[in-house]
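*Asks:* Protein chains in written order, with the UniProt record's numbering: chain A, 1 to 430; chain B, 1 to 598.
Derived from the structure by calculation, the hints contain no laboratory data.
It is possible that some hints are incorrect.
[Said to hold, decoys possible] These stretches of chain B come out as covered by chain A in the derived footprint (C-beta under 8 Å, 3 or more residues):
(1) 415 to 428
(2) 453 to 463
[As the list claims (entries may be wrong)] Footprint (simulated), chain B over chain A, 3 or more residues, beta carbon under 8 Å:
(3) 61 to 70
(4) 79 to 88
(5) 106 to 118
(6) 128 to 135
Since this is a predicted model, take the numbers as computed values, not measurements.
By construction, the Cβ of each residue, glycine as well, lies at the ideal position given by its N, Cα and C atoms.
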Amino acid sequence: MEALDEYLGPPVVLEDESDSSDCSSRKRHKSKLPLAKSKLPLAKPMCVEAHVENSFQKTCRICLEHVREAMLHHRWQEAAEYMASYTQVLEDRSTVKSQPDKELVWRMSTEILHHLPNATVKDYNIIYERMKHSGFKHYLMICLEHSFHLMLHGDIEAAKHQVSIAESWRHGKESVSQLQRIRLIHAYRSLLDYIMWCEKKSTLSNDNSFESDSQGMHTFFRLASTNLQEILKNPGVWDPFILCYVEMLEFYGDNEEAQKVLNHYAYDNSFPPNPNAHVYLYQFLKRHDTPDKKLMKVLKHLQVLVPSHELMLTYSCLLLQSEKESHTQKALGVLLEMLDFQCWRSNLDVWKCLHAVIHQLLQREERATSVQTQMAVRNDWWPALHFTSFHAKKDLEENSELFEVKASLVEILCPGRSSRYTTEMQMLTS
Amino acid sequence: MDEEDTDGYKEPCNQCAAVDWGISDEGRFYCRSCHNVIERTREVVDMSFTSNSNRISRIGNKSRIRKSERGYIWMLCEGFQFILQNQADALLRLGVTPQFKDDVLCQMWRLYLQKSQQGYTRNPIRNLRFRGAALDSDTDMDSAAESVLSDNFTDSGSVLCSSAGSNAESSSDWLGSDYSSTGTSASWKRSRSLMTMKKTLALIHLALVWSREALTLSDLLRLVKEGHVPYVTAYEDLPEEMKLCGPDALLFHVESIPSHRLVHKEAQVLVQFLQLPAFPPIVPEALLHPAPLSLRYLTDANLPDELHRWVCVLMDRAGMADQKRHTLDGGLRPVLPRYDLQAAALIIVTIKVMFGLDDHTEWDLLNKADSHDNKADMFSFRKWYKLVQAALVEAQQRRDQDTARKQWKGKKLFFVDKRDRLIVTKRRRISENVQMCLKRLSSCPVAVHYGGASSFQFCWGDENGSDGPSLHHTKLDGVISLSNGFMTPLNLNYWHPPLRPCNPRTCASHYPSMEPTLPRSFVWLLQLFSFMLDVEAWYLFDEVLEMERRVFGIKTPQMGQQLETRKWLRTEKTNATQTGDPAKKPRTPRKGRNRINI
Numbered sequence: 001m002e003a004l005d006e007y008l009g010p011p012v013v014l015e016d017e018s019d020s021s022d023c024s025s026r027k028r029h030k031s032k033l034p035l036a037k038s039k040l041p042l043a044k045p046m047c048v049e050a051h052v053e054n055s056f057q058k059t060c061r062i063c064l065e066h067v068r069e070a071m072l073h074h075r076w077q078e079a080a081e082y083m084a085s086y087t088q089v090l091e092d093r094s095t096v097k098s099q100p101d102k103e104l105v106w107r108m109s110t111e112i113l114h115h116l117p118n119a120t121v122k123d124y125n126i127i128y129e130r131m132k133h134s135g136f137k138h139y140l141m142i143c144l145e146h147s148f149h150l151m152l153h154g155d156i157e158a159a160k161h162q163v164s165i166a167e168s169w170r171h172g173k174e175s176v177s178q179l180q181r182i183r184l185i186h187a188y189r190s191l192l193d194y195i196m197w198c199e200k201k202s203t204l205s206n207d208n209s210f211e212s213d214s215q216g217m218h219t220f221f222r223l224a225s226t227n228l229q230e231i232l233k234n235p236g237v238w239d240p241f242i243l244c245y246v247e248m249l250e251f252y253g254d255n256e257e258a259q260k261v262l263n264h265y266a267y268d269n270s271f272p273p274n275p276n277a278h279v280y281l282y283q284f285l286k287r288h289d290t291p292d293k294k295l296m297k298v299l300k301h302l303q304v305l306v307p308s309h310e311l312m313l314t315y316s317c318l319l320l321q322s323e324k325e326s327h328t329q330k331a332l333g334v335l336l337e338m339l340d341f342q343c344w345r346s347n348l349d350v351w352k353c354l355h356a357v358i359h360q361l362l363q364r365e366e367r368a369t370s371v372q373t374q375m376a377v378r379n380d381w382w383p384a385l386h387f388t389s390f391h392a393k394k395d396l397e398e399n400s401e402l403f404e405v406k407a408s409l410v411e412i413l414c415p416g417r418s419s420r421y422t423t424e425m426q427m428l429t430s
Numbered sequence: 001m002d003e004e005d006t007d008g009y010k011e012p013c014n015q016c017a018a019v020d021w022g023i024s025d026e027g028r029f030y031c032r033s034c035h036n037v038i039e040r041t042r043e044v045v046d047m048s049f050t051s052n053s054n055r056i057s058r059i060g061n062k063s064r065i066r067k068s069e070r071g072y073i074w075m076l077c078e079g080f081q082f083i084l085q086n087q088a089d090a091l092l093r094l095g096v097t098p099q100f101k102d103d104v105l106c107q108m109w110r111l112y113l114q115k116s117q118q119g120y121t122r123n124p125i126r127n128l129r130f131r132g133a134a135l136d137s138d139t140d141m142d143s144a145a146e147s148v149l150s151d152n153f154t155d156s157g158s159v160l161c162s163s164a165g166s167n168a169e170s171s172s173d174w175l176g177s178d179y180s181s182t183g184t185s186a187s188w189k190r191s192r193s194l195m196t197m198k199k200t201l202a203l204i205h206l207a208l209v210w211s212r213e214a215l216t217l218s219d220l221l222r223l224v225k226e227g228h229v230p231y232v233t234a235y236e237d238l239p240e241e242m243k244l245c246g247p248d249a250l251l252f253h254v255e256s257i258p259s260h261r262l263v264h265k266e267a268q269v270l271v272q273f274l275q276l277p278a279f280p281p282i283v284p285e286a287l288l289h290p291a292p293l294s295l296r297y298l299t300d301a302n303l304p305d306e307l308h309r310w311v312c313v314l315m316d317r318a319g320m321a322d323q324k325r326h327t328l329d330g331g332l333r334p335v336l337p338r339y340d341l342q343a344a345a346l347i348i349v350t351i352k353v354m355f356g357l358d359d360h361t362e363w364d365l366l367n368k369a370d371s372h373d374n375k376a377d378m379f380s381f382r383k384w385y386k387l388v389q390a391a392l393v394e395a396q397q398r399r400d401q402d403t404a405r406k407q408w409k410g411k412k413l414f415f416v417d418k419r420d421r422l423i424v425t426k427r428r429r430i431s432e433n434v435q436m437c438l439k440r441l442s443s444c445p446v447a448v449h450y451g452g453a454s455s456f457q458f459c460w461g462d463e464n465g466s467d468g469p470s471l472h473h474t475k476l477d478g479v480i481s482l483s484n485g486f487m488t489p490l491n492l493n494y495w496h497p498p499l500r501p502c503n504p505r506t507c508a509s510h511y512p513s514m515e516p517t518l519p520r521s522f523v524w525l526l527q528l529f530s531f532m533l534d535v536e537a538w539y540l541f542d543e544v545l546e547m548e549r550r551v552f553g554i555k556t557p558q559m560g561q562q563l564e565t566r567k568w569l570r571t572e573k574t575n576a577t578q579t580g581d582p583a584k585k586p587r588t589p590r591k592g593r594n595r596i597n598i
């Protein structure tokens, strides 16, 4: 196959080099003038085109415009018609730009198939198979997309078959991009192994198991785990894959390995910062009844990455429960940072928790200086964010308990300001 | 070894549609491109069984296949001769007089062969032959080639080919030559006498002009574009025995229909190269003469027939009524006229004279005309514009769609060598499969179906399928004043862009830079006619300028005065932009001459 694609037929410009760009061809004749004449001021190029385009390419260009137009307006039948005549671009003898053309044909025709009601799996297979073999550069990508398509249609076996073919495919030197794709393909192969493992598991749990079945299940586990183990060492975001791996490891009781993998995923600096990694680690630890101290440590890292994460409420509760002075201070910070985000503005639990934290602090120190220092940077915008008369009205209407909690905190959080929040309450009560 | 065994098996692979079979160690067939193993095994020849006879039979078998695959040795010009013949036949079927082929085109082709030293000479060019694999010349093959040759043109009673054949025969040393010796081949390509597909059109155009057929170059190109005259897939019609192979085969590969300008240029070069004698005169009755041709375009554009009278007046004024001006004469008038463009430019200038076309006058004239009584019979510029604009937009869309759907690849595969054939076959299979799949789902015909060949782009009248009601009978009374028994246009102003010609070598067309400043109605008219002729707007614009120069009697500059010309042109241009309006020129001196006496 490589021989076919590397062979570039001589570009066909013998017949006439410049056609549609007549003006530009005139220009080029000009440059052939002898040197003495070239000193003359030359006219500016008036209608020079970017490249010389022959009629065939023009047809393809216009056809492509029509396909796009039809797709944009969801006229799929028409798009399919134009696409059918666009396929002649694959027979273009000048191979300079054939790669993008192939990709265009592949992607657009599958997209069109998605929207045609009478498209069958067979049609998809024809297009995927043909385009796959039209050149080696897209082979892996198309294999992968093909298996995605099969996966979406629930044909896991066929999807696995596709990925396995791609897995065993080799072509020349592996370029960097190919290496990435091969890694992806390995990962998805393992994911499919996991899916089959799950299927086995559910059938096992449903009816009384046979020994051989559980062995088959274990085979899938072995297949998946050897691959995943390797892949997860590479920096990257492997969220769905690591979950599968951990689930399987947990099923077989290998918690140590699972924790090791998760720790590596969360704390290795070569990986891109990934909040999910910490969440997964937290969830894992939580499942295995790890002491709060360790949980808090994980959440502390998560807090740095995503201060508005929903687990922060749990984090502050944990901090509050530990009843250490410094931890209460920390909880205050965490909660205030949460409330900086609009999504938590009318969440009763957060405000309640904040209320508890502040009261604990007030029990210890008279004037709650720590609250004031934390609020110093927020004083100018928090009233507008939380304590306007509009908020008061809204809170009263929607959740009176929230209103009460907030009202009790206004004076401490934003002291010295005649708060419209409370005046609203007075107005309403009076 | 594989090749011999797999040679007979040409089925495409189920997996990837390639035809590239290999044989594995177990003797099974596999696809070399996707490694798909199929249910087919090598036919094992029992070598132990009388090895002698086996050997002989194999040789005999092989050579027979090879021979039929390779075809005969043939010359480049023979291929083009077949193509020219097919094109001429197609034109005859469309109604061109038979003399065109036998008496004109054939003679010109002979002249070309002689001038380019490919035939009718004692010392012909040697290295322009086609053949298949390695050269193993034997005499029977050559005589077969003769038979191919003599088939040509004999039906039209010509002895051209048989004489060319005898020529070939007499020079027996042709056999030793090799077409693929790149050095000579390249230098030959550079020389302008090499035949190309574009040149076939130029030659046919010249022959059509000679036989004074009513087919202009734009007509010819349209026929080619719509497939009435073989061009894009002309190579398919070559006889079985003439195999296209080798790099020179690409000369027959067409991915483009040449533009009007290029073919005209090519024809002009051919005129010089062939040193043609004086052409038969284009008398005013001949359909290529601007008078009848402009009438045809007036009809096509739904303009009133009365306008033709004014076109003729202007033609006189421009000194174009003289038949000598339209007749090509090698010595005196070596410039091949662009009949179609000239006629269109004449009409445009006439409309400019009559209606002003400065975005005001034409509409104002119209309001005056509207106040007249008999509106139904009057030509109304506004009505005409609305009618034609709607038809133009529709026709443009249609042409656009046809362009988008045009299939450029012939049914027969086009390949240069064996390796190329593998690639091309595979690509064709892939393209065909995807196409079939999409066609089945869209359930609509894909290929473009052009209707019958017609000289007209639009259809005006009351019949079904027409583009709108006909305005041909309308009167121009609204824009003409009658004084002292003379008819003069009401409009007295005429604007024009700077007319001082500039050197075509240093100046490209000024149209793109001027287009935004030109009146919209003028630009629209240009677009209409450039659509009808299927040429670029700037090309027609240059012709209109040329026509205005003729009308106003401005001579083309001397070649030595380029710089001066340019400077002059620039100042004139800036003047025009400063005043913000194209230079207006009173037409009073012209009026007197152009009166028509009734």
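*Asks:* For each hint, tell me whether it holds in the structure or not.
*Replies:* Against the structure, the hints come out as follows:
1. Counting residues of the stretch 415 to 428 of chain B whose CB lies closer than 8 Å to any CB of chain A gives 9, so the stated coverage by that chain holds, three being the minimum.
2. Proximity of the stretch 453 to 463 of chain B to chain A, defined as three or more residues with a beta carbon under 8 Å from a beta carbon of that chain, is not established by the 0 residues found.
3. Using a Cβ-Cβ cut-off of 8 Å, 4 residues of the stretch 61 to 70 of chain A lie near chain B, which meets the minimum of three, so the contact claim holds.
4. Coverage of the stretch 79 to 88 of chain A by chain B holds in this model, with 8 residues showing a Cβ closer than 8 Å to a Cβ of that chain against a need of three.
5. Given as covered by chain B, the stretch 106 to 118 of chain A passes the check, having 5 residues with a CB less than 8 Å from a CB of that chain where 3 are the minimum.
6. With 6 residues bearing a CB less than 8 Å from a CB of chain B, the stretch 128 to 135 of chain A meets the requirement of three and the coverage assertion stands.
Checked against the numbered hints given earlier, the structure breaks only hint 2 and satisfies all the rest.
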